[in-house]
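Q: Below are the chains, spelled out letter by letter.
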Amino acid sequence: MSVPLTRTLVRPAAPPARRVPWTLLIFLLLLPLPWIGSRYDVFLMNQIMIDALFAVSLNLLLGTTGLVSFGHVAYFGVGAYVCGILMKTCGVPFIIAFPAAGLGAAFFSLVFGYFCVRLTKIYFAMLTLAFSQIVWAVCFKWDAVTGGDQGVADVPFPDMHWMDAVPGLGELSQNSKFYVLTLILVAVSIAAIGQITRSPFGRMLTAIRDNRERAAFIGLNVRAFELSAFVVAGGFAGLSGALYGIFTRGVFPDYVYWPQSAQVMIMTILGGMNYFWGPAIGALVLDWLNQEITNYTQYWPFVLGSILLVLLFALPGGVLGGLARLGGALRRWTARDA
Amino acid sequence: MTVSLIAGQVLSGLTTAMFLFLIASGLSLVFGVMRVLNFAHGSFYMIGAYLAWQVVSWLQPMGADFWIAALAAGAGVAVLGAIVERLLLRHLYGLEELYQLLLTYALVLILGDVAKYTWGTEQLSVHRPPILDGGVPVLGTTLPLYNLFIMLVGPAIAIGGGLLLSRSSAGRMLRAAAQDREMLGALGANVGALYTFMFIISSFLAGLAGALITPIESVVPGMDVQIIVQAFIVVVIGGLGSFWGTFWGAVIYGLTLSFGILAFPEFSLFSVFLLMAVVLIVRPWGLFGRPIR
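So the sequence lines, in the order shown, correspond to chains B and X. For the first sequence, the numbering used here assigns the number 22 to the initial residue and increments by one for each residue that follows. For the second sequence, the numbering used here assigns the number 789 to the initial residue and increments by one for each residue that follows.
Looking at chain B on its own, in the form it has when it is part of the complex (with noise of 0.2 Å):
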């Protein structure tokens, strides 16, 4: 047909759920935490929200465009490490440093991942986790710039008193304030991630996941689109980790180690990687279970593991795939009985 493919990708029906604005509304839930939670309600969200980005960053390879990226991590690394070394040794202030990170990270994923698309499968994700392991290893390494296994210690937070300007931010904490920061940043980059995936960039990136050499047969130049999409991702990542090197007030190399991508890995697919918001879930679930269990127990690595054999084994979409599982029964269930 002459019907160009473009035309027929760019908007299929969206489902009643697209059509709702969840970032905003999401942005609009969590932003009165600050005045009517406690401090570990504060806490607890700003890093479900740094790592919920991380992961909706790497559902971007992983479930958009069907990457099995095993060194991710090293984009949140760089990310960290830029926007800490910039703040702390250098005095940067914050509103460079964010992007600086960005880009920074962006930078790399552009060079390891040039070399990474070159590959498939097996062999791509063993590629992204020996560069992610060279990451690593320079940061651990080199003491002159990061700090080896010391670190970069003590990031200032930004400077935040513009905030004062508004009414009510004012008399919030250094740590309120910081988190009022990630949740804007974080909603901005959830939303940019989305458009990307609704675009027609990110159609073709699912075109690409579901059928490689079909997609390479009409003519998309598959290396170029996989490699946009992988530096789009590890930009991503490296401005959240550029959001948690300051939550945590310092970088260490430990945040580069590669089982830290497993961790992220877990997120995305307990949430659901067929489902844009389902990474921001696992990172929620993840994040929440690790506080409450490590309050009993401080073998939370065992939880985790048992966590992910029942998921393999009973929820292989996710606890998304398994909510829309069970709203399928539910409703063939009141339709049979109609």
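Everything labelled a hint here was simulated from the structure, so no lab data went into it. No experiment lies behind these values; they were computed from the predicted model shown. Treat the hints with care, as some may be off.
[What the hints assert, rightly or not] Which bits of chain B does chain X cover? Going by a derived footprint, with three or more residues having C-beta under 8 Å, they are: (1) 135 to 148; (2) 154 to 161; (3) 297 to 306; (4) 321 to 330.
C-beta atoms are modelled at their ideal positions from N, C-alpha and C, and glycine is treated no differently.
Chain B is already provided as a structure; the job is to place chain X on it using the hints.
A: Using the frame of chain B, we list chain X on its own:
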């Protein structure tokens, strides 16, 4: 550089290499035949080390026997491997690699904590077997007898494994399974049992390697995630699934590491990861492997 310095580096590199070969050979066999990249292989190795320590401490009163402990550790881990394959891994063969990676990673988390719970977080160590105490002078340096022993065990396993794969009927079946699993099943072979057998052998090797490292390095939590990445590097350099490739990959890795320390003491870690990346970029199927469809 003096002769003795070079000889010392070569020998220490080869010792590292043969250790890594013991670990990586099992990883490579499982990937070659079953196409499963087993993250839990490092955990099997760690459990083997702990089991060896446990058996040695039990046997201590009646005159410790390191060799019994080493075999017991291998056997114990082989049983663990059989359980894992039969109960869990088996159900995920048809699915994408991602699910198998995640399953074996779940095992890393679980086994790591089980070891912590059972044996605590202190460093445990095992004495060298008395028969291998002391060393032999080689080109101006002293080579501990135990290291010499390891350097003999590695090639012995390589030759044994190589012969098993190329000459025995089980080996022929394994190579056939690597080529085309379905066809082999259609010809009447019991592929399921073959996979279990493969996994048991691989787990045994991991447990044995764990036991054999105990006289040299202390047993600590975290040795699992540290070793698995090194084993991955070895397997990737040699070629995923290529048995002899893994052997030479281990030799290259060991020598790169020991001479890398001489040349750039700060960045020896970096050099092996770089080696892995370069091999993957230039020849994704490894220096000694063949491209897989």
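Q: If a hint holds in the structure, say so; if it doesn't, say that too.
A: Results for each hint:
1. 135 to 148: holds (count 9)
2. 154 to 161: With 5 residues closer than 8 Å to chain X, the segment 154 to 161 of chain B meets the three-residue bar; holds.
3. 297 to 306: With 0 residues in contact (Cβ-Cβ under 8 Å with chain X), the coverage given for the segment 297 to 306 of chain B is violated.
4. 321 to 330: holds (count 7)
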